[in-house]
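Chains G and V, in that order, give the protein sequences.
Using our numbering, the letters of the first sequence correspond one by one to residues 6 to 209.
Using our numbering, the letters of the second sequence correspond one by one to residues 6 to 209.
A portion of the hints provided could be inaccurate.
Where chains are identical, the list cannot tell them apart; a pair therefore holds if satisfied intra-copy or between any two copies.
[As the list claims (entries may be wrong)] Below, computed lysine to any residue pairings styled on SDA-like, alpha-carbon distance capped at 25 Å: (1) LYS48 with VAL176; (2) LYS48 with PRO31; (3) LYS89 with ARG109; (4) LYS47 with GLY121; (5) LYS48 with THR78; (6) LYS48 with GLY122; (7) LYS48 with SER37; (8) LYS48 with THR177; (9) LYS47 with ASP83; (10) LYS89 with LEU181; (11) LYS48 with VAL71; (12) LYS47 with ALA79; (13) LYS89 with GLY148; (14) LYS48 with ALA202; (15) LYS47 with ARG143.
Since the hints were made in silico from the structure, they are not lab data.
Protein chains: 2
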Amino acid sequence: MPGRGAGMSEDTRDIEALIDLMARLPGLGPRSARRAVLHLIKKRRQQLIPLAETLARVGATARECVTCGNIGTADQCDICRSEKRANGQICVVEDVADLWAMERGQAFRGRYHVLGGTLSALDAVGPEDLRIPQLVARIADEGVGEIILALPATVDGQTTAHYIADQLPGVTVTSLAQGVPMGGELDYLDDGTITAAFKARRAF
Amino acid sequence: MPGRGAGMSEDTRDIEALIDLMARLPGLGPRSARRAVLHLIKKRRQQLIPLAETLARVGATARECVTCGNIGTADQCDICRSEKRANGQICVVEDVADLWAMERGQAFRGRYHVLGGTLSALDAVGPEDLRIPQLVARIADEGVGEIILALPATVDGQTTAHYIADQLPGVTVTSLAQGVPMGGELDYLDDGTITAAFKARRAF
Chain G
6 MPGRGAGMSE DTRDIEALID LMARLPGLGP RSARRAVLHL IKKRRQQLIP
56 LAETLARVGA TARECVTCGN IGTADQCDIC RSEKRANGQI CVVEDVADLW
106 AMERGQAFRG RYHVLGGTLS ALDAVGPEDL RIPQLVARIA DEGVGEIILA
156 LPATVDGQTT AHYIADQLPG VTVTSLAQGV PMGGELDYLD DGTITAAFKA
206 RRAF
Chain V
6 MPGRGAGMSE DTRDIEALID LMARLPGLGP RSARRAVLHL IKKRRQQLIP
56 LAETLARVGA TARECVTCGN IGTADQCDIC RSEKRANGQI CVVEDVADLW
106 AMERGQAFRG RYHVLGGTLS ALDAVGPEDL RIPQLVARIA DEGVGEIILA
156 LPATVDGQTT AHYIADQLPG VTVTSLAQGV PMGGELDYLD DGTITAAFKA
206 RRAF
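So here's chain G without its partners, still in its complex pose:
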């Protein structure tokens, strides 16, 4: 029976394999994978078939942008190709998910650079393992005047930010402001955020 491993029959081998594959997705475990698969089988025409087809299409076409590391279907992603985006500003993010988050904010109209991770002594991630050399090369090639660091406010994220800033003398390096998030209640904020927001207070 699906989800049991032993006693698998010819009949349920594919369903079992599907559950195992789904359970390996981030945010899903064996139980939610089973629920999702049953749901898909019940909604065969409306969901299972479209999902299988869309997955196959994405698998055949999705690739990393050679310039910035974003995901698209061409050698260069649509942001790098776009003539509507401003040159001269590059926003540096850890991951494609962060790029998408920045885009949802719609505040930034320049270009991006996806590092593919952060420096980490513990995990032995050095500058060569990230797309940092490519970033340094782009600064010269594209005549970039400002680098906006949108890296996570973690130790590794901030180490990476400092490292990148050191590699780019002569370029204006900024980073996202730290402070109280929209709708944030002081009582629920951690001490570090409150301290940072207090230190960066500004005229009202």
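Go by the hints and put chain V onto chain G.
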């Protein structure tokens, strides 16, 4: 950009569609769907392609067993076809997920009947909407001596259990025991469970 809806480009249309499809799975929302899709694109060969292929295979072959309502790839599921399973006992469950849960327990070696839901006055689910007529027919056809009700311990589940018992005079109807779950700490159990376990106490 994916997850934004507006501003979708040719480049990311399939990725956007994939995120929307994933977000409609139970247990996943827009954020976890984005994470899952990025994960799949990064693990193209190991996960995305196998998932697309397995989904397509399951979509082409999976169907409901005509006898019990379980999911398999033939007209009759492997449990209904099996000669190793005992006749004469049918375990009645709400859903295929419950059948799988019973099978993981490995306590029951008879046959199953999947109702496809529970009676619900609120949701206007009547006996004809479930596979109850088919169950009644099976009792006579298969010479069943015992029906084991493994229905949820909810109001609708218990209403359904009583209704089924009323439909089957002359058949032994049992139901799963209620009590303290394995590893359960009394302090964390609801009052109803403790009361049920106390009433059903037995010689030690």
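Open item on the list: Under the constraints set out in the numbered hints, which ones does this structure not fulfil?
Closed with: When the structure is compared with the hints, numbers 1, 8 and 14 turn out to be violated.
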